[in-house]
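Engineer: What follows is each chain in one-letter form.
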Amino acid sequence: MRHPKSDSQSRGLIKEMSPWLLHGSLWIGLVTAFLISIDVGNIKISFLEMLFQPAHSDASVVFWDIRLPRALLGLLVGATLGLSGAAMQGFLRNPLAEPGVLGVTGGAALGAVLVFYTGIFSVFSMALPLGGIFGAFLSVLFLYLLAGSMSSVQTLILAGVSMNVIAFSGTSLALNLSKDPYAVLDIVFWQMGSLADRSFHHVFLILPFILIGWVLLLWDRRALDALSLGEEAAASLGINLKKMQLRMIIGTAFCVGAAVSVCGSIGFVGLVVPHLLRPLVANQPGKLLVVSALGGAILLLLSDIAVRLIPVAVELKLGVLTSLVGAPFFMILILQMRRKLL
Amino acid sequence: MKWIEANQISISLDGFPILENVDLDLEKGEMLGLIGPNGAGKTTLLRILARLLEPDTGSVFMGDHIRAEDFSKKVSYLAQSQEIHWPISVRRLVSLGRIPHLMPWQQLGPEDEEAIEQAMKVTDVFHLGDRSVDHLAGGEKRLVLLARALATRPSIILADEPVQGLDPAHGLQVMELLKQFTASGCGVIAVLHDLTLAARFCHRIMLLDHGKVLAVGRPNEVLTAENLRKSYHVEAKYGTTDGFYVIPWRKL
Chain B
1 MRHPKSDSQS RGLIKEMSPW LLHGSLWIGL VTAFLISIDV GNIKISFLEM
51 LFQPAHSDAS VVFWDIRLPR ALLGLLVGAT LGLSGAAMQG FLRNPLAEPG
101 VLGVTGGAAL GAVLVFYTGI FSVFSMALPL GGIFGAFLSV LFLYLLAGSM
151 SSVQTLILAG VSMNVIAFSG TSLALNLSKD PYAVLDIVFW QMGSLADRSF
201 HHVFLILPFI LIGWVLLLWD RRALDALSLG EEAAASLGIN LKKMQLRMII
251 GTAFCVGAAV SVCGSIGFVG LVVPHLLRPL VANQPGKLLV VSALGGAILL
301 LLSDIAVRLI PVAVELKLGV LTSLVGAPFF MILILQMRRK LL
Chain P
1 MKWIEANQIS ISLDGFPILE NVDLDLEKGE MLGLIGPNGA GKTTLLRILA
51 RLLEPDTGSV FMGDHIRAED FSKKVSYLAQ SQEIHWPISV RRLVSLGRIP
101 HLMPWQQLGP EDEEAIEQAM KVTDVFHLGD RSVDHLAGGE KRLVLLARAL
151 ATRPSIILAD EPVQGLDPAH GLQVMELLKQ FTASGCGVIA VLHDLTLAAR
201 FCHRIMLLDH GKVLAVGRPN EVLTAENLRK SYHVEAKYGT TDGFYVIPWR
251 KL
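Keeping their order, the protein sequence lines are chains B and P.
Numbers 1 to 342, taken from the numbering used here, label the letters of the first sequence in order.
Numbers 1 to 252, taken from the numbering used here, label the letters of the second sequence in order.
Simulated from the structure, these hints should not be mistaken for laboratory data.
Please note: incorrect hints may appear among the correct ones.
[To be verified] The following residues of chain P were derived to be distant from chain B, with all beta-carbon distances above 12 Å:
1) Glu30
2) Gly58
3) Lys212
4) Val234
5) Lys237
[Stated by the list, open to error] Straight line, CA to CA, 25 Å or less: simulated DSS-like cross-link-like pairs of lysine-lysine:
6) Lys243/B x Lys73/P
7) Lys74/P x Lys243/B
8) Lys74/P x Lys242/B
9) Lys121/P x Lys242/B
10) Lys121/P x Lys15/B
[To be verified] Chain B is nowhere near these chain P residues, computed Cβ spacing over 12 Å in every case:
11) Ser10
12) Val60
13) Gly63
14) Asp124
15) Ser132
16) Ala225
17) Glu226
18) Ala236
19) Tyr238
20) Ile247
Keep in mind it's a predicted model, so treat the numbers as computed, not measured.
C-beta atoms are modelled at their ideal positions from N, C-alpha and C, and glycine is treated no differently.
In isolation and in its complexed conformation, chain B is listed as follows:
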């Protein structure tokens, strides 16, 4: 007797997980990861202490100024990376698309570095997310013009490589020309990606841009499903492709640009999360959006918990950890797709 799973796989049957079960599990996972993130740290303080201690007490300061903003940023940035990864993959119809791999994160980082370098940030704090958004916007536009939405996997990855090279060169140039060695060190560490030492100021700085980006990306849920049939068929179903492209470019630039400008480059979350969750939504690009946002937030919160628990002399940077885990995953994905690539 054949195993039922292998039998259904051989017949190519697709079973969709119950949306209630899937969303319920992800929400429970998110709340749990969020609470653990608040609980974990160098100073051992219970929740009750944090919540009910008088203002300005140590426990209250740890909760309001350190733990809560860190967890909230983890949630916002993780959801952004998961959502934008799923949206880019659906839009470009390519499972290897991801803000980091395609150079959008690099472009946003370059924009933010230029804001640091020119010193505008010290005068006008809003310049930081705006710089990141502008860098991300230019890189998505560059990517789209260079590779187009009908591009093969190779063209798209090459366009991403060239965008990453441009971003790296620009950042290196800024570091090279900097006269202040402490600023250089700051920028180098910032680029590695981290949620540490951020405050509510950072949360409120990026929140409006992130929310606008989310709304723009989620708006095209159904259009992404229609794009499964190709651009012509989608257009014949009443999808306005030009408006959709604009929403995708601006939406990605807003949320990824804002997230990177405050937390640095955190790669591979947008690649790994949609890939893992896609089978659970029966490969539907529209349904993958919200699910990937939830999954991205969980993954980033767990990664941030891990960097605090891994016993090393200096706390690991979050971007370093996600890259260490994500890079082999990316290679496995390429090996799986090798038949298509060759």
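Given chain B, work out where chain P should sit, using these hints.
Structural biologist: Just chain P now, with coordinates in the frame of chain B:
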């Protein structure tokens, strides 16, 4: 009563004239076959009718109750390509046909579900509902894509080579379904390379050659030896047993 009336359509792509002063009309309940050799401009004409391309000159009028905002609800376009980018299930693919009827935030309602089920039953793909589209044979995929077009419940279907790459049984099945669709007064324009199927199923045929209309009319008026010689450079055999038929026989 007419579904489509296109007048003096001309278009050039990359400086080359593709269509020159083409007139076309589609009656209610009619199946019109667009035939012609490769590069004659058939697909371009169909894309113009589907509003996927803007002609340089000329105009296209749709039946009087098809408003511009209802275009995608009333006109289904069946592209030549069978490429589907994600391995979604057959039922999900057919349900994409309901997109024109839904607002971005709206879920499928009972009417949508009924339209999807009916389209899948008519095209005989209901039993494939949970199957991944990348596990379908070519003929099955063509039928599923036709079900997607029917799920929209359109008044007009514009089909680009709907029987391309199909075996005779599936080819006949697709053509019969398209013909059935016209029985209720709806219209079909199909780009076809198979002259035998075109003669057998189309009410009228338009023969394009080098972007111009060489002939238009009933199959026996268009598929004449002279027209086939001029456009396709072929000789054909004819018969009238059980209706007019034509078989391309020899290249000249």
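Engineer: Ser132/P: least C-beta distance to chain B exceeds 12 Å?
Structural biologist: Its Cβ does come within 12 Å of chain B, the nearest being 4 Å, so this is violated.
Engineer: Gly58/P: least C-beta distance to chain B exceeds 12 Å?
Structural biologist: holds, 20 Å
Engineer: Regarding the pair Lys121/P and Lys242/B, is the alpha-carbon distance no greater than 25 Å?
Structural biologist: Cα-Cα ~35 Å, so violated.
Engineer: Would you assess whether Ala225/P, listed as outside the interface, keeps its beta-carbon beyond 12 Å of every beta-carbon in chain B?
Structural biologist: holds, 36 Å
Engineer: Once the closest CB in chain B is found, is it more than 12 Å from Glu30/P?
Structural biologist: holds, 21 Å
Engineer: Taking the closest pair, is the beta carbon of Tyr238/P still more than 12 Å from chain B?
Structural biologist: holds, 36 Å
Engineer: Taking only the CA atoms, is the gap from Lys74/P to Lys242/B under or equal to 25 Å?
Structural biologist: holds, 22 Å
Engineer: Determine whether the non-interface label on Val234/P survives the test: each CB of chain B must be over 12 Å from its CB.
Structural biologist: holds, 30 Å
Engineer: Confirm or reject: Lys237/P is not an interface residue toward chain B, with every Cβ-Cβ distance exceeding 12 Å.
Structural biologist: Per Cβ check, Lys237/P is outside 12 Å of chain B; nearest 37 Å; holds.
Engineer: Does the no-contact call for Lys212/P survive, Cβ to all of chain B over 12 Å?
Structural biologist: Given a closest Cβ separation of 25 Å, the condition holds.
Engineer: Please settle this one: Ala236/P was flagged as non-interface, so is its CB more than 12 Å from every CB on chain B?
Structural biologist: Its Cβ never comes within 12 Å of chain B, the nearest being 33 Å, so this holds.
Engineer: If we take the beta carbon of Asp124/P, is the closest beta carbon in chain B still more than 12 Å away?
Structural biologist: holds, 18 Å
Checked against the numbered hints above, the structure breaks hints 9, 15 and satisfies the rest.
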